[in-house]
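K.L.:
From first to last, the protein sequence lines stand for chains A and B. So in our numbering, spot 31 of the first sequence is number 1206, and the numbers just go up one at a time. So in our numbering, spot 299 of the second sequence is number 518, and the numbers just go up one at a time.
I should point out that these hints are in silico values taken from the structure, not numbers from a laboratory.
Quick look at which bits of chain B chain A covers, simulated, 3 or more residues with Cβ under 8 angstroms:
1. 274 to 287
2. 357 to 368
3. 447 to 459
4. 495 to 504
5. 652 to 661
Calculated pairs, DSS-like style, for lysine-lysine (alpha carbon to alpha carbon, straight line, at most 25 angstroms):
6. B:Lys-453 <-> A:Lys-1348
7. B:Lys-610 <-> B:Lys-536
8. B:Lys-706 <-> B:Lys-574
9. B:Lys-381 <-> A:Lys-1244
10. B:Lys-536 <-> B:Lys-687
11. B:Lys-323 <-> B:Lys-718
12. B:Lys-382 <-> B:Lys-351
13. B:Lys-381 <-> A:Lys-1233
14. B:Lys-381 <-> A:Lys-1228
15. A:Lys-1228 <-> B:Lys-391
16. A:Lys-1228 <-> B:Lys-351
17. A:Lys-1228 <-> B:Lys-428
18. A:Lys-1267 <-> B:Lys-453
19. B:Lys-475 <-> B:Lys-453
20. A:Lys-1233 <-> B:Lys-382
21. B:Lys-405 <-> B:Lys-351
22. B:Lys-610 <-> B:Lys-542
23. A:Lys-1272 <-> B:Lys-436
24. A:Lys-1348 <-> A:Lys-1267
25. B:Lys-382 <-> A:Lys-1228
26. B:Lys-475 <-> B:Lys-768
27. B:Lys-330 <-> B:Lys-301
28. A:Lys-1228 <-> B:Lys-436
29. B:Lys-351 <-> B:Lys-330
30. B:Lys-436 <-> A:Lys-1244
31. B:Lys-475 <-> B:Lys-301
32. B:Lys-599 <-> B:Lys-610
33. A:Lys-1228 <-> B:Lys-427
34. B:Lys-768 <-> B:Lys-330
35. B:Lys-301 <-> B:Lys-574
36. B:Lys-718 <-> B:Lys-574
37. B:Lys-453 <-> A:Lys-1272
38. B:Lys-323 <-> B:Lys-706
39. B:Lys-427 <-> B:Lys-351
40. B:Lys-391 <-> B:Lys-405
Note that beta-carbon positions come from the ideal geometry of N, C-alpha and C, so glycine has one too.
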Amino acid sequence: MLKFIVRRVFWTIPVLLVVIFLTFMMMRQIEGSPFRHSERAVPPAVLQNLERKFNLDKPWYLQYAYYVKGVFTLDLGPSLVLRGQDVNDIVKTHFPKSIELGLYAFLFAIFVGVPLGVAAALRHNTAVDYSAMFFSNVFHAVPSFLIATLMIYFIALKAGALPTSGWTTWQHKIMPSIALGFGPMALFARLVRGTMLETLQQDYVRTARAKGLRYRRVVGLHVLRNSLIPVITAAGPLLGYIITGSFVIELIFNIPGIGGYYVTAVSARDYSVVMGLTVLLSGLVIIANLVVDILYGLLDPRTRDARI
Amino acid sequence: MRKKTLWLSLALLISSMALIAAGCGGSDDNASGTTTGAGGTEAAKQVITVNWGTEPPSLDPGLATDVTSSNILLNIMDPLVKLDKDLKPQPSAAESFETSADGKTVTFVLKDGLKWTNGDPVTANDFEYSWKRTISPELGADYAYQFYGIVGAQEYNSCDPKKDQCAALADKVGVKAVDDKTLEVKLTNPQPWFTQQVAHHSFLAVNKKAVDQFGEKWTEAANIVTNGPFKLAKWEHNSAIDIVKNPDWRDAASVKLTRVNGRLIADGLTAVQAFEAGEIDVLQGGLPTDEMSRLKELPTYQQYPGLGTYYEGFNVKNVPDVKQRRAMSLAINRRSIIDNIAQADQLPATGFTPKGMPGFDVINPNSPWMPEEGDIEQAKQLMSEVANPVKDLTFYVNDSPGHREIAVAIQSAWKQELGISTTIKQQEFQQYLEFLGPPPNKDVDVYRLGWIGDFVDAINFLDLWTCKSGNNNTNYCNPKYDEVIEKAKLTEDNDARYKLYAEAEDIMFGENGDMPTIPIYFYTYTALERENVKDSYETNLLDQVDLTKVVVTE
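Take these sequences, add in the hints, and give me the full structure.
P.N.:
So this is what it looks like as C-alpha cells:
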C-alpha cells in the first residue's frame, strides 16, 4: 500500500509539468494582451515598461523555466492585472472560501443523496422509489445556476428569508451550498439506488438472510458497505465538478472564492493567475483521485491486491 | 398497480412543490428601506451601503485605470482640483492655480493644514514624488501617458533602466516643488485642458513613507495612508471595500456620511437582486440590459448623461466611397436602437464629441448624415449614385451583451434599404481589441467600439481620428483634419479652440464630411438609488461620485 502511494505521489510531478506546459502554451496562443484593459491603445513605452516588469520581454522558454521554478518553490508570481496582488495571496485568501463551499455542497449531497438512494432501493417500485427518482432525475438535469436563480427569487427576494448574495454569515452560506449540492446529490441518490438493488440480489445477501441475520444488519453492514464503492469512485471526478460548478455559483452569489478570479483572469489574460490556479486545481484533482484509490483499497480488498 | 403508484407519487410530489412555492411566495412586500417624502430631514444615522462593482485592480493612484478605483480614490484622497457641475476645475487641495502668460507653466499653491492620515503634513514634494513615480519606467503605470504633456515625462517613461541613465531623465521632468506649498509644472506646449486633467486620479499624491515601507502592499487597508475626506476601513478582496469619514480632514465639518459600506458585486443581476432585497442603497452602473425595461419604471431609477460615444467605424480602404458611407449612416434609425435595444435613454449622436462636453453647442456638427430616425429616401438616393458600391461587408463586434443586437438591427437596415449584405462576426473583448489594430485589420470592413472620456476637453475625443493616432482603426487620414487638430492643441482661448473643434467635426460629419465612422449614441450612466439618498447622490459626466455631498434623509 505504501509503495503504491509513494509511486502515485511521484507520478504527480510529470503530470503537473505537462499541465503547466499545456496551460502556458494555450494562454500564449489566445490573442489579447493582459495590459490592454479598454479601447484605449497602450503607448509603446508603457507597454515596454510593463513587459519588462513582468519578464514578458524574455523568450518563451525562459518564461516557462522561471514559471516552473516558481511552482516548485511555491511562488506562483504576481498577478499581471491585479497590481500589488500575488497569486499566492489570492490562493491564500480566496481558496479556503471555495473549499468551504465545495465541502458544504458535498456534505449536502452525501447526507441527502445517500439516504434518498437507500430509501428508493429498499422500497423498490413503490411511491417512495418513484418520487425519489423523479426528484433526483429532475435535479440531475436542471443546471445549478437555474436552481440558484430560483432560490434567490423565491427564498431571498420574495420571502426575504435569506440574504441574496455574499459569504459572511451562516445564512449567506445556505443557498449556495444547496444550489451547488443538488446535482451531486441527485447523482449519489441514483448511484446508491442502482448498486444497492444489485447488491440486494447477490448470493451473499441471501446467505446472510438465510443464516438468520436480521434484515437491518444485513442492509447496514453488508449491502450498504458494498454499495458505497461506486459512490467513492464517483466522488473523485465529482470534486472536479464541484469546483467548476462553483465558478458559476460563486458568480451568482458573489462569493469571493477562487472561481471568480479564474474566470476574470482568463478574459483579462492574466497569465500568472490562470496558470497558478490551474496548477493548484490540477494538484487538487490529482490528490482527490489518489485518496479515492486509497479508500477503494480499504473498502474492497480485491482492488488493493490487483494494484500492488 | 405500477401505473397507479406512479401517478400517486407524481401527485404527491407536485402538491408538495406547490406547498413550498406557496410558503415562499407568501410575503409579497419587497423590503425596500425606510422611505418618506423626498428632501426630508437629515437622518441620525449617516451610513450607506453601495455596490462598487468589480474588484478594483489597484488602489494605487499611479496604477489604477478603472471606474471603481477612480471612484474610491477620489473620495479617500484629496485631488489638487475637482471638477464642478459644469466641469470647470475648482481648487480642492490647491488653494489656487495659475497658468503663466505663455501657457506653458502651471503653478499650484496648496491649502494650509493638509494632513496625511499618519499625521504628516501634505506638501508639494508629495506631489512631485508621486507624479515622477507614476512616470517612472519601473512602476509600469498604464496611465503614465497622462503625464506626457509635461516636459521630459515621455523621455523618462521611455527609458530602459538597464541601459539608460534614468535618474538623470527623472531630474529633467518638469514637475518641481518650489517650496512646501508650491508645485510648479512645465508643459511641452500650452495645454488649456491641463488643469481639468489634473482632476484625474492619476494626479493624486501618494505617501512616500507608506510606499517605501510596504512596497506594492501599501494599498492594503492595514497599510494605506491617505489624505482625503474618507479613510479606507476595510478591503476584503472581491468582497467588500468600506470607507469611513476622516475626522481630521481639512473640511471634515462639511462631510455628512460617517461610513460607506461598499460591496463588490460584479454580476449585474446579482447586484440588482441585492438592491431589491434592501441589502444595498446605491447601485451605480452595471444594470443588466435585459432588465432595463423593468428597472426604468422603478422610483429608485436614476440616470445621468455620460461623456462617451458609441460608434461604428469603417475601414475606409474597404469602403472607399464616401457616398456609400453617408448612405449607410442615413439608413440607421438611432431612435429605434436606443428605445428598443440600448434602453437607457441614450442620446442619438449628432457628431463624435458627446453632449455635456464644454463647448458642445459650438462643436456639435449636427450632422446632416445622422438624422435621429434615419432618412431612407435620401440613403437610397445616395446609394444609387455610388459608382462601385461594396455590397458584401464583414461587421465585427465584441461579444458583450447588447452589441450584437445593435449590429443585427443595423445589418437588417442595410440589407433592406441599401441591398448591402453584412456578415456579423463576434469576438471576445481582449481578443477583439488586438484584432482591430493598430494597424487597422484588413479583414474588417465595419467595427463597433465606444470611447469614454478620461478628461473634459473635446481633444480627448477628436485626437482619435488623426492619421497617427493609436486608436484610429479606420485607415482614415486627412491632413487637413490633422492640421486643424494641431492648431486647436495650441489654442489657449476656449472659444477659439471650440471653433477649431467644430471645424474638425465638420470635416468628418458636415455637409461634405468624410464619414470615417458612424456615431450611434452618446452614453448615459444608470443607477438605482434608494429614495433617502436619491437627492444628494449624483454622478458627473465621468461617472464619478463625490461622497462628501451625499446626505441620508429621514
